[in-house]
Amino acid sequence: MNYEAVIGLEVHIELETDSKMFCRCSTDYFTAKPNTHTCPVCLGLPGALPVANQKAIEYAQRFGLALGCDLFTKSKFDRKNYFYPDLAKGFQISQYELPFSQKGSIEIRIDDKAKKINITRAHLEEDTGKLTHAKVKGKNVTLIDFNRSGVPLLEIVSDPDITSALEAKSYAQKLQQLARYLEVSSADMEKGSMRIEPNVSLRKSGEKALPDYKVELKNINSFKFAEGAINYELERQTKALEKGERLIQETRGWNEKENKTVSQRFKEEAHDYRYFPEPDLPPLSFNTRHLSNIKRNIPEMPDVKLERFKKQYNFASYDAQILTSDKIIADFFEETLKAYKKDDPKRVANWIIGELLRRLRENGKSLKYIDLLPANLAELLYLADTAEITQNIAKEVFAKMLETGKTAQSIIKSMGLTKMSVEDLEVLINKILKENKKAVNDFRKGKEASIGFLIGQVQKEAKGQADANLTRRLLLEKLK
Amino acid sequence: MIDVTNLTIKKTSDLLQKREIKALELTQAFLERAKKLNGKLNAFITICEEEALKQAKKVDELIANNQKLGPLAGIPIAFKDLFSTEGIRTTAGSKILANYVPVYNATVVKKLLDSNVICIGKTNLDAWGHGSSGENSDFGPTKNPYDLERVPGGSSSGSGAAVAASQCLAATGTDTGSSVRLPAAFCNLVGLKPTYGLASRSGIVAMASSLDSIGHLTKTVYDNALVLNVTIGKDFFDSTTTENRIADYSKNISRGVKNLKIGLPKEYFAGLDQSIREKTLAAVKTLEKLGATIEDISLPHTKYGVATYYIIQPSEVSSNLARYDAVRFGFGREKFGEEAKRRIILGTFTLSSGYYDAYYLKAMKVRRLIKEDFEKAFSKVDVLISPTSPTLPFKIGEKSDNPLQMYLSDIFLVTHNLAGVPSLNVPCGFIKELPVGMQIVGPHFSEELLYQVGYAYEQETKFYDNRPNI
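For the record, the sequence lines run as chains A and B. Here the numbering used here is used: the first residue of the first sequence is 23, the next is one more, and so on. Here the numbering used here is used: the first residue of the second sequence is -5, the next is one more, and so on.
Please keep in mind that the hints were generated in silico from the structure rather than gathered at the bench. Accuracy of the hints is not assured; some may be wrong.
Restricting the straight-line Cα-Cα distance to at most 27 Å, the calculated cross-link-like pairs of lysine-lysine (DSS-like) are [said to hold, decoys possible]:
| id | chain 1 | residue 1 | chain 2 | residue 2 |
| --- | --- | --- | --- | --- |
| 1 | A | K226 | A | K138 |
| 2 | A | K459 | A | K500 |
| 3 | A | K96 | B | K16 |
| 4 | B | K29 | B | K4 |
| 5 | B | K297 | B | K356 |
| 6 | B | K62 | B | K104 |
| 7 | B | K245 | A | K98 |
| 8 | A | K363 | A | K390 |
| 9 | A | K456 | A | K502 |
| 10 | A | K368 | A | K390 |
| 11 | A | K213 | A | K246 |
| 12 | A | K77 | A | K390 |
| 13 | B | K374 | B | K255 |
| 14 | B | K228 | A | K96 |
| 15 | B | K359 | A | K96 |
| 16 | B | K365 | A | K98 |
| 17 | A | K135 | A | K77 |
| 18 | B | K389 | B | K34 |
| 19 | A | K77 | B | K228 |
| 20 | B | K365 | A | K96 |
| 21 | A | K98 | B | K228 |
| 22 | A | K125 | A | K135 |
| 23 | B | K228 | B | K105 |
| 24 | A | K459 | A | K482 |
| 25 | A | K417 | A | K360 |
| 26 | B | K5 | B | K48 |
| 27 | B | K359 | A | K98 |
All chains, please: the whole structure from these sequences, using the hints.
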């Protein structure tokens, strides 16, 4: 029997506003001391009331638009009631009936084949505190850090349109890319600012109806784990169905050490969240001007940028895709090109892809967090073009620039790396010719390859400061 | 020598500003009385002697330095123990919060303290505000100063008793379904349930968020307006507040009731205790004599009021009480009393999937109809007058075994919370030496008008002079 996968994703993305969703506390909890970014509201103290963060609502609406959703002029918050120690109020303020946006879609690409994934809804809610299970003075305890409590969280729910782990991964990566393009979140899986919960089930190939169960996968904190967990689950479910077993609704957690999913909760234990309208927050309404303002301020999104790069700069798919994969890279490229005095996009692209991104990757760094300005790279290219330094030196200088944050000009100066003058080069070449009689004779006898050896010798003595083309030309002249 | 505890806020404020009395002496007199009578009345859960004396000294200094102070400066008041007070234990009348000390002040507390009031203490109440008699307090019932065997009304039971017994000159209260007006009626006081959204709920332990109205009790209508001038206004920390206040509610208070149209909602008089009915109608007659015209009015959905209220209110209660889990503060859930448990179970049921539509959603629809009843009525008349309570202050223990009977104490009151309209209880006499109150109800944000009507009637009757013998 053949089965096909029915997969839907619930993705949570923390919105990086300055303050939390319903209070003025800072959202920047990642390295903060536990429970220092808290107040009566995010601690759920008696009498504390939520005040909605306008910026977070705007971010949610921007995201909705980027997902191709309809934005609603009317919306509201609801209470989702459940008990867990990390939930300060005993309920989470979320959106049930009227999310900010509904019914959108995005396109993913696998091996250059496009597929549309429909978006059910995208709604705003608040994050919970963070539990840590630890041993204190020999006793097993659970510690709670409420710094994360109340951080704005956007939940994006897809239709069950996804049919493989690879598609799921590609879809999640696309959401991450959108979040970064919109500059609403770094959507970092490792830091937990993006979390994925796939719902996985199987049906007989060709069947239209949804299966009568689904398995929700939790505890996934990388794209790789998402792929692994889904693949494991598809295999587990296939085997079970082939044995004639009936699968049930449950929640399973990914165990990264054993590479398998483990059952956590069955449907019978599932919560009844007892949603009802949040009485502390009046319903929201947005006029069309506000919504069209948001629409106007949406930056150019990746798909559009990709096409533009191909056309405007005459790039192949590969280059254009790398440069537009991240808005920061795309912006860096365009700004460097602007600052660079020559209209040579290919040269700038080669440097960014071949030098900058390669070196960052090797050092595990990100463009966002380094001190390099586009103008610095443009200057380096200019210096290389105007023959002040050689290409090889330029690459070395660039490495130093990334290391130290200094400009090309100052590195070249301090290291005395400028190109050797023609006069000095001629003196050096004469010396090399004298010292390598055998190679000279070989060349004159017709063994042309020996010029390479001579060039190498010159370069070695010149410590890379000899211009390669000039060296070859001068050598040829003298060998005639 | 005058008894300084037996004056109005207005009079006391005059004496303070004219330097005929000192805030410190005044405060000491009230503290003395609060402490002396607390054994009898149990109106206070906490008496704030140290803080009160400190505040009083500060006011005396300000007066000595010729600082311009508002009319509430130096006035001894009390806060219902649902109002968060920074550094002062706030129990909500429940054992769960017996050791809870807030780190912040409720907005209303802050506004009053900024006006230099003196906080005498935190008053007793039905735990979490759940009750109409004060008997649900985990700190023991409060007694009615007019008859120690009877209840003072709830849930702001301590606030009612404390003002009536002159342990303070005003006390704050919350009114979710009756909790300011019923104690006002049972204790011969003026009690305002303002329009929903006029006063901030921030920092006040929530009972049912869409119904909680933040009010206060005083001896006279004028005093009541002076307190309202301070407590209200749009608050950043409560998104349901609006800027619909007027600058001074006392300014036009003596305008009178000439040509005012008063409606008598017939549903509030049907089957009513004969003597209470007579008292209320006599009061209406007085207003008619003063120039008002009287009209019969119908609020047809009144009969669904209590049922609607007892779905919406416990639903919100069940959610609002979820935070009392002993994780961050307070004691554990095993300390919830019978009534809180009853409401948590009820509310959890009415919000459950499969029942939500039949109960909560339907109740919300009826709530809209009730609101429309009032809108229609106020297109015909300016204010409505009705009794506040269907009964006289009842005996302690009389209804405590029968929750449903207790719920019906609020039969004339819950509709106003559902509609969000303001209502002012004004004393309208005594039956068998027990106080009787009537309520004046107006459209949203008509507090100024309610005070004008109340003041006109009060000046004719002056029932506030009839202090309890205690």
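We went through each hint and held it up to the structure:
{"no.": "1", "hint": "A/K226 <-> A/K138", "in the structure": "holds, 22 Å"}
{"no.": "2", "hint": "A/K459 <-> A/K500", "in the structure": "holds, 13 Å"}
{"no.": "3", "hint": "A/K96 <-> B/K16", "in the structure": "violated, 56 Å"}
{"no.": "4", "hint": "B/K29 <-> B/K4", "in the structure": "holds, 24 Å"}
{"no.": "5", "hint": "B/K297 <-> B/K356", "in the structure": "holds, 15 Å"}
{"no.": "6", "hint": "B/K62 <-> B/K104", "in the structure": "holds, 19 Å"}
{"no.": "7", "hint": "B/K245 <-> A/K98", "in the structure": "violated, 39 Å"}
{"no.": "8", "hint": "A/K363 <-> A/K390", "in the structure": "holds, 24 Å"}
{"no.": "9", "hint": "A/K456 <-> A/K502", "in the structure": "holds, 15 Å"}
{"no.": "10", "hint": "A/K368 <-> A/K390", "in the structure": "holds, 23 Å"}
{"no.": "11", "hint": "A/K213 <-> A/K246", "in the structure": "holds, 15 Å"}
{"no.": "12", "hint": "A/K77 <-> A/K390", "in the structure": "holds, 23 Å"}
{"no.": "13", "hint": "B/K374 <-> B/K255", "in the structure": "holds, 8 Å"}
{"no.": "14", "hint": "B/K228 <-> A/K96", "in the structure": "holds, 23 Å"}
{"no.": "15", "hint": "B/K359 <-> A/K96", "in the structure": "holds, 19 Å"}
{"no.": "16", "hint": "B/K365 <-> A/K98", "in the structure": "holds, 21 Å"}
{"no.": "17", "hint": "A/K135 <-> A/K77", "in the structure": "violated, 36 Å"}
{"no.": "18", "hint": "B/K389 <-> B/K34", "in the structure": "holds, 16 Å"}
{"no.": "19", "hint": "A/K77 <-> B/K228", "in the structure": "holds, 21 Å"}
{"no.": "20", "hint": "B/K365 <-> A/K96", "in the structure": "holds, 22 Å"}
{"no.": "21", "hint": "A/K98 <-> B/K228", "in the structure": "holds, 21 Å"}
{"no.": "22", "hint": "A/K125 <-> A/K135", "in the structure": "holds, 23 Å"}
{"no.": "23", "hint": "B/K228 <-> B/K105", "in the structure": "holds, 12 Å"}
{"no.": "24", "hint": "A/K459 <-> A/K482", "in the structure": "holds, 17 Å"}
{"no.": "25", "hint": "A/K417 <-> A/K360", "in the structure": "holds, 21 Å"}
{"no.": "26", "hint": "B/K5 <-> B/K48", "in the structure": "holds, 23 Å"}
{"no.": "27", "hint": "B/K359 <-> A/K98", "in the structure": "holds, 18 Å"}
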